[in-house]
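Number of protein chains: 2
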Amino acid sequence: MLKDRIEKVKQMLNKEKTDAVLVSSVFNITYLSGFTNFSEKEREAYIFIGKDFAYIITDERYTEAIKRQVPYLTLFERGHKKSTKDLFKKHQKKIKWLGIEEDNLTVAEHKILSRHFKKIKHFDVGNLRSIKTKEEISKIEKACKIGDLAFEFILKKIENGISEKQVVEELENFIRGKGAVVSFPPIVAFGKNSSIPHHQTGDSILGPESSSGREGQIILLDFGVKYDDYCSDMTRTVFFGKPTSQQKTMYETVLQSQQKAVDFVNSATVAGKEVKAAEVDKVARDYIISRKYPAIPHSLGHGIGLEVHEHPSLSPKSKEILKEGMVFSIEPGIYLPGIGGVRIEDLLVFEKGGLRQLTHSQKKLTVI
Amino acid sequence: MLKDRIEKVKQMLNKEKTDAVLVSSVFNITYLSGFTNFSEKEREAYIFIGKDFAYIITDERYTEAIKRQVPYLTLFERGHKKSTKDLFKKHQKKIKWLGIEEDNLTVAEHKILSRHFKKIKHFDVGNLRSIKTKEEISKIEKACKIGDLAFEFILKKIENGISEKQVVEELENFIRGKGAVVSFPPIVAFGKNSSIPHHQTGDSILGPESSSGREGQIILLDFGVKYDDYCSDMTRTVFFGKPTSQQKTMYETVLQSQQKAVDFVNSATVAGKEVKAAEVDKVARDYIISRKYPAIPHSLGHGIGLEVHEHPSLSPKSKEILKEGMVFSIEPGIYLPGIGGVRIEDLLVFEKGGLRQLTHSQKKLTVI
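For the record, the sequence lines run as chains D and A.
Per the UniProt record's numbering, residue 1 is the first one in the first sequence, and the count goes up by one each step.
Per the UniProt record's numbering, residue 1 is the first one in the second sequence, and the count goes up by one each step.
The following block holds chain D by itself, in its conformation from the complex:
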């Protein structure tokens, strides 16, 4: 099955009139090789695929493991005896156009390549990852399940006097206890902090925010789980104390906006129509604006898998079409500076009949 992925790259090369591609991003390398031990921080490997070859380039540290686990890729061991340049020299004559990952390859690496290859262009291997297999979807579901349990757990832990950082710590410990890790640093925002979509979790303390002490305080929780290399992502907004009518209306508007996006996809699917990612974004976005709230300052959603953010993008500028097997978030939000924000995010998979939700934490307005 992993071997099929290499074939798909070759088909893509053919389609895009590119003679070979040098894959450098660690997640694309993981996707094509199934090998998960390479560092995310340092460049430890490349995959180099052409019409009649498919190499994995790495060093002696990984030789044994690669030979055992990735037999369908030809191992090129670089080291003090052989350099990657030797490999490029061997193939450069056959390669007119070389594909690279422009958003990953460094300028220094590009310089070296340009000594061997005259024509270099961007080649988006990551596109292949947007459509998930059943096995991949099931891994994402497992991560979502742990996320749901973590949400259930954290609701019981949240109490007067707790800080944002403490909530994060509790979440991280719970998730670790399930044999998983967080898929990104959790965002926990209390009160006005929630008006910053990507608030940096800090030392803010939960407690009555207004002088009367009777108003509800927003608690925005955005976190995900990484289990068996696959990620989940979910946002819930709950209230500490009774929400004001303003807060309630914000909450209901965001929830409605999300529902409208989901309904749109499902109706279109039933009608046999193609669904553009940008259209889904527009449905949710327009609804929030129609209720006199500011426009969502981020995309409506993003694909997820080996990485928290991958194809497809559900944003106004997206050119992508939703396809069966895509897994993505739908996460509208309203953010009022100085007041607070509400975001609700779920993961969904696009299937034959329409969308199926993978995160199952409850969304009824919750007061702690």
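A portion of the hints provided could be inaccurate.
Here are the simulated DSS-like cross-link-like pairs (lysine-lysine), alpha carbons at most 27 Å apart as the crow flies [claimed, not checked]:
#1 A:K292 x D:K82
#2 A:K142 x D:K41
#3 A:K292 x D:K192
#4 A:K85 x D:K317
#5 A:K111 x D:K17
#6 A:K67 x D:K67
#7 D:K119 x A:K119
#8 D:K118 x A:K118
#9 D:K41 x A:K96
#10 D:K111 x A:K192
#11 D:K81 x A:K111
#12 A:K317 x D:K111
I should point out that these hints are in silico values taken from the structure, not numbers from a laboratory.
Fit chain A to the supplied structure of chain D, relying on the hints for placement.
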């Protein structure tokens, strides 16, 4: 003091006839701002320095913290209202030559820059980091101290039947217990595995290697600590069971080679001579070859600080000169494929009188 670092960048710009530099590597950003919260995996900030400006470019997540902690840099908040392009447009006329970090900036980022700046070249901000302040040296010493304690601890834990991975786990837990983390994934290599300089720690079990069960088994431990953002790094090779005479000779040769490199630096310093990093490498390297062993398949040493590997490089091709305040490793090794390897690594700081060792774990041939 951090402000002085910005001044040094400006002096460097002047010297290298570069009008501005866009710093993108997270460790250089940390070095120049003192701000340690940016992700190592995602691009969350840049520092943009010219003759009469010094910006830190980041998003709303970090606005508050940056304003509070880094007042001497002008905050440019990029987001859905303002893009980095606006900032480039404002300054592009004054900038003929823009410096970038070629080994960090991506091809996609370079493309955007090239729309604003005609002449772009490599600018090695990381060079500034090679000479450490007293405060930085003291932080590295603290990391070394924890590393020494971890080595003492692990010697007691190593026993028949333990796996390489278990040793790593014990090391990591011990270091975490000291409020620190490992500075890189520890390398633990048993027996023949030690002949691979950067062996990938695996499931190999400690136990009598030869059929007679009377020969010593090599245990190579290469690990470091990160404490208060600064790293340590150390390698020790010990024996499980009585070493063979071949193993003993290898061990003594490596130890001698390290000592000869240290002596060389110290003698030259006393004589008031400048010491080239490449010469130090040569002393250790030549000694090992003179004893009829294969050449060291890696550099003799590397600078260390915020990162495990930074300037200076002690390698045959290095053009660097040792200067007061530099902290680096000296780590000769002998690796015999199919037999095993020995490496001994210490961190040293180059001071007025010569080298002072920062790692203090014992190096007498140790049998467990």
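Here is what the structure says about each hint:
1. The suggested pairing of K292 (chain A) with K82 (chain D) holds, with an alpha-carbon distance near 23 Å, which does not exceed 27 Å.
2. Between K142 (chain A) and K41 (chain D) the CA atoms are separated by roughly 24 Å; this keeps the pair inside 27 Å, and the hint holds.
3. Between K292 (chain A) and K192 (chain D), the direct Cα distance comes to roughly 70 Å. Violation of the 27 Å bound is thereby established for this hinted pair.
4. A hinted pair counts as satisfied when its Cα atoms are at most 27 Å apart, and K85 (chain A) with K317 (chain D) qualifies at roughly 18 Å.
5. Pair hint K111 (chain A) plus K17 (chain D) holds up; C-alpha atoms about 22 Å apart against a cutoff of 27 Å.
6. Pair hint K67 (chain A) plus K67 (chain D) does not hold up; C-alpha atoms about 51 Å apart against a cutoff of 27 Å.
7. Restraint check: the Cα-Cα separation between K119 (chain D) and K119 (chain A) comes to about 21 Å, which is no more than 27 Å; the hinted pair holds.
8. Pair hint K118 (chain D) plus K118 (chain A) holds up; C-alpha atoms about 21 Å apart against a cutoff of 27 Å.
9. For the hint linking K41 (chain D) to K96 (chain A), the alpha-carbon distance of about 32 Å lies beyond 27 Å, and the restraint is violated.
10. For the hint linking K111 (chain D) to K192 (chain A), the alpha-carbon distance of about 38 Å lies beyond 27 Å, and the restraint is violated.
11. With a CA separation close to 34 Å, the supplied pair K81 (chain D) and K111 (chain A) exceeds the 27 Å bound.
12. For the suggested pair K317 (chain A) and K111 (chain D), the alpha carbons sit about 20 Å apart, so the restraint of at most 27 Å is met.
Taken one by one, the earlier hints fail for this structure at numbers 3, 6, 9, 10 and 11, listed in ascending order.
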